[in-house]
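Residue numbers (the working numbering), protein chains in the order written: chain A, 1 to 313; chain B, 314 to 589; chain C, 590 to 1135.
Incorrect hints may have been included.
Said to hold, decoys possible - So, partial list: chain B residues that the calculated Cβ filter (under 7 Å) puts toward chain C:
#, residue
1, 320
2, 321
3, 323
4, 495
5, 498
Stated by the list, open to error - Heads up, simulated DMTMM-like pairs for lysine to aspartate or glutamate below, C-alpha to C-alpha not over 25 Å straight-line:
#, chain 1, residue 1, chain 2, residue 2
6, B, 476, C, 967
7, B, 318, C, 610
8, B, 476, C, 610
9, B, 417, C, 1046
10, C, 656, A, 205
11, B, 417, C, 936
12, C, 827, C, 1015
13, B, 476, C, 613
14, C, 948, B, 579
15, A, 121, B, 575
16, B, 417, C, 1020
17, C, 656, B, 579
18, C, 993, B, 491
19, C, 952, B, 491
20, C, 769, A, 222
21, A, 121, B, 491
22, B, 476, C, 1020
23, C, 948, B, 575
24, B, 318, C, 967
Unchecked claim - Computed Cβ-Cβ distance ranges for the label pairs, DEER-style:
#, chain 1, residue 1, chain 2, residue 2, range
25, A, 59, C, 974, 48 to 56 Å
26, A, 244, B, 335, 31 to 39 Å
27, A, 301, B, 581, 33 to 41 Å
28, B, 491, C, 917, 28 to 36 Å
It should be emphasised that the hints constitute simulated quantities derived from the structure, not laboratory data. Cβ atoms here follow ideal geometry from the backbone N, Cα and C, with glycine treated the same way.
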Amino acid sequence: MQGIPIIIAIIVLNFFLLNMAEGDAVDVLAGEAGSATPEYMAELRAKFGLDQPLPVQLMVYLKNVALLDLGYSFRHDMPVAQLILDRFWPTLLLMTCTILTAVGFGILLGLLAAINLNTWKDTAISIFALITYATPLFWVGLMMIVVFSINLGWFPTSGMENIAAFHEGWDRVWDIAHHLVLPTITLSLFYLALYTRMMRASMLEQYGQDYVVTAKAKGLTERRITFVHVLRNALLPVVTMAGVQVGALIGGSVIVESVFAWPGLGMLAFESLFARDLNLLLGIFMISSVLVVVVNLIVDVIYSFLDPRIEVA
Amino acid sequence: MSFWKRFARNRQAVLGMIILALVILMAIFASAFYPDDPFRLAGKPLSPPGTSGFLLGSDSLGRDVASGIAHGAKTSIMIGLVATVAAVFIGVIFGALSGYYGGKIDDGLMRVTEMFQTIPSFVFAILLVAIMKPSIESIVIAITVVSWPGVARLVRGEFLALKNREFVQACHTLGMGDIQIMLREILPNCVSPIIVVGSLMVATAILIESGLAFLGLGDPNIMSWGFQIGAGRTMLRSAWWVCTFPGIAILVTVLAINLVGEGLNDALNPRLRERQ
Amino acid sequence: MSDTASNKLLDIQNLSILLPDGADRRYAVEDISIDLSPGETLCIVGESGSGKSLTARAVMGLLPGPKVRVGEGAINFLGEDTTKVTPERLRDIRGNEISMIFQEPMTALNPVMRIGDQIDEIFRFHVSMSAKERAARALQLLTDVNLPDPAGIMRAYPHELSGGQRQRAMIAMALALEPKILIADEPTTALDVTTQAQILKLIKDLQQQHHTGVLFITHDFGVVADIADRVAVMQYGKLVEMGTVHEVLNAPQHPYTKGLIAAIPKLKPRAAREQSKESVLSAHGVRKTFGSTGGFSFFGKKDRVVHAVNDVSIEVRRGETLGIVGESGSGKSTMARCLIRLMDIDDGEIYVGDQEISKLDRKHMRPHRRRLQMVFQDPFASLNPRIRVGQIIAQGPILQGVTKEEAYKRAKDLISIVGLEESAFDRFPHEFSGGQRQRIGIARALALEPDILIADEPVSALDVSIQAQILELLDKIRKQMNLSMVFITHDLRVAAQVCDRVAVMQYGKVVEIGPTAELFGDPQHDYTKALLAAIPGKDWQTEEVA
């Protein structure tokens, strides 16, 4: 439950960042300069109490946030909160698929590498991980588009679905899935490399532990030792890491969504950058932090099931 | 076995060092090879690589891709180094104080690093640069701000572990003061992991910087690899080389740094040998 | 019983184990021949680096990694050579016909599997039994090793058990399929002396029941005296002596064996010395507690409060050595750290001479530091690996205001007093052995010319022969400089040899204190009696060897 003070701290940080930006906070909040009438801006000033001392302003901002009023976006002509809600699901979809792919394949590849230590399989996997880890996300995305969309034509170049086709039901699901492939692969590559290396290292570390010698002395097969004894212990640090990486994943989604025009929060953040819509950006910022806290909570719970030495606090 | 010998045994690390040296040389001598401003329109637009005097082709405005890469190397390396040094400096100070003293100082620092861990660092960097207006200074500051908590956590862990070692306890029995213990007893014993993390951090810094530039948040007056790729997006179908080569440059540089970092790790921690 | 070759369970012939290239010697174990018969206990004794552990591991093919491997020789188990059988046959033998138990109960069990499951898999992989039968057998095994609440232990995880309980569980696993040979690699070294006595008795009882051959690795001759039928002594990978326990222990032939046995502290308490009455260090009503005391516990969990030191009062007189003995958790180490103010006490007073020091802040404590110095336990952790030896020793005086030249000169003098070469001054700690590092630690402590030396288990991490040298050094220094000492140890033999008076601690309290001879000869408190009764090999060497 220490997530709550952190979120509050982040909100406070948000507030100060808002104030750091050039111009009056209301100028920022009103979105593009000139999109609001002077009367509206005076009204906003009064509402946000900008003639009041800073701490009072903070309280007002907190109150507004608690009431889920994150301001208004003139560019999109919608309240920020609503906007974020609309774009939330595509991002969630992308991230869930990415996490499953990255963690799932990462663990698998790391396991393979560790079992086939120092053979060509291990070397190939390690080289793959090494190169992928060094590759910038946006470049991979663009190269994927060049190869698989433009040249091979296997996948669409952008977007989440073919809106003009008006698919319904399972057709629509299939269409979205088709569009999902390239963005998911792009976003998961980096983290796949990370988990692969972590898993491999973790397996190797466990192989050197005393209980493995005991297991051998009991006459157990290599298979049992690897998959029942070592694997269970090796997974623990990787699971912890997965939780930590979620924040980085969100950052990555900004890039991937902008490359593939995926209509999610990341794309929204990218758009708001150019619209100088700082208010929207801050709202997204806060939501993503909340997301991270929630995911970490889930990961903690999962971890406490896996490791009997930890009691659920 | 001395440190350099151990390092040299790792062929990948040596390869990484060579590549890195080449990149650094390219950065230093960029102006010698390509004395003109890389933003200058140098010739026929959209020329494929190897034509019209362009080694790696030109973009839609006729800018020389190769020149951009050479000058971009300067940007990436400089930003990577400066941001990392700053982050390490700040991280070491906070981590050391937190790990050594514990108590309220530690609680405070832990809350702060947790907060930073929760905030998606790239989004935070975007935010900071957007607010401070894109420039080399703001980019360096942004990268430093999102990177120092990682160093702080590492250093805190080391200090926590070392402060209870018997040789540190012995220093207390001799009446040694805290600052001296932290600086001359504990810190020299955690230099290795700091070096390793620092070197890998340079790679991350370069990735962040190029990501920012790609999104249009780079310093508009400075050529950067990310900028090249971002600018080249719209011509993906017609002039694929504008995006491809700068990307390869990033890949190769980051890969080289990672290899060197791993080599350093192996050389500095000889106990962590894999089972053969 | 006729001792024909066919009667032997295990017949190791001319075994050599190779080390990886680049190690300090070629052979870990060189050309040794050892045999074991049913129902007998053979102890392999040696110091660190003797190769005894590797020999034990080689029997079942458990040598670490491909680089450490059997070079020449054969290990015959009932006619089969285990170095040459197929991997399937080897797996068959392991856990089934030959079993092994290890030293560290903490790490030898899989931390994420229940004890019951870890026993269960032995059955699953060797015999066919229904799940119910397996569970019943497992429960019976746990009962046989005298574990309380066997059903609960079946469902428990290793971290929920104590060290002794874990070792019993390991023994249960090892004897599950009634193996012909039990190999025990220092199974009691990490346990308290009272727990050790129980485990040794357990192994002995089980051995008699099942007529098992036991191959017992240890460095402790006391243990050997208690349980062995025959003894094999190893040094630097070679077998230097082998014979019955009476032969080897009472009439050793090889100089190395003779030296080792001579180095073991006898249980004869030292002769009483003339004592002064002046008190140099005293503690009154000292309390130190760990864990949260009070405060609001959100979920109603019990606060885990440990009274590490619970109202302890002791006094050290000039020139005497006061021993504090106890098992782990007794609070003796905590007490030592409280005395030297590495920890602040919660209650009570500590006097150095007539100066009360427990309430002084850092600045005011500093001048008193020089009177009270400490020698630490772990020679590998008590010296800063990045600072040269001369600097390590000179640091203390320099901090106290002595000039650099004077401090360095003092360091050089001390280096020779503790028996090291001059060149040690410029070298780094990692270039020295454990015993040498302990000497450096002693030199560091002496650099400030203290009145009182607190030694926290200074020889526990050392081999027995080195131990004797360090104890001799401490004795020489004590006489030369008229030092008073507080000597913390869990080893009663060492306490008997070194201390004038002994205080016995249990659960944070001093349960008995008195002159060494009286305490050992006529203990009053039950716990003291139990401690003394548990000493391995206490009946051996009570008379002087001719």
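Problem set entry | Violations among the numbered hints, reported as their numbers in ascending order | 1, 2, 3, 4, 8, 9, 12, 13, 14, 16, 21, 23 and 24
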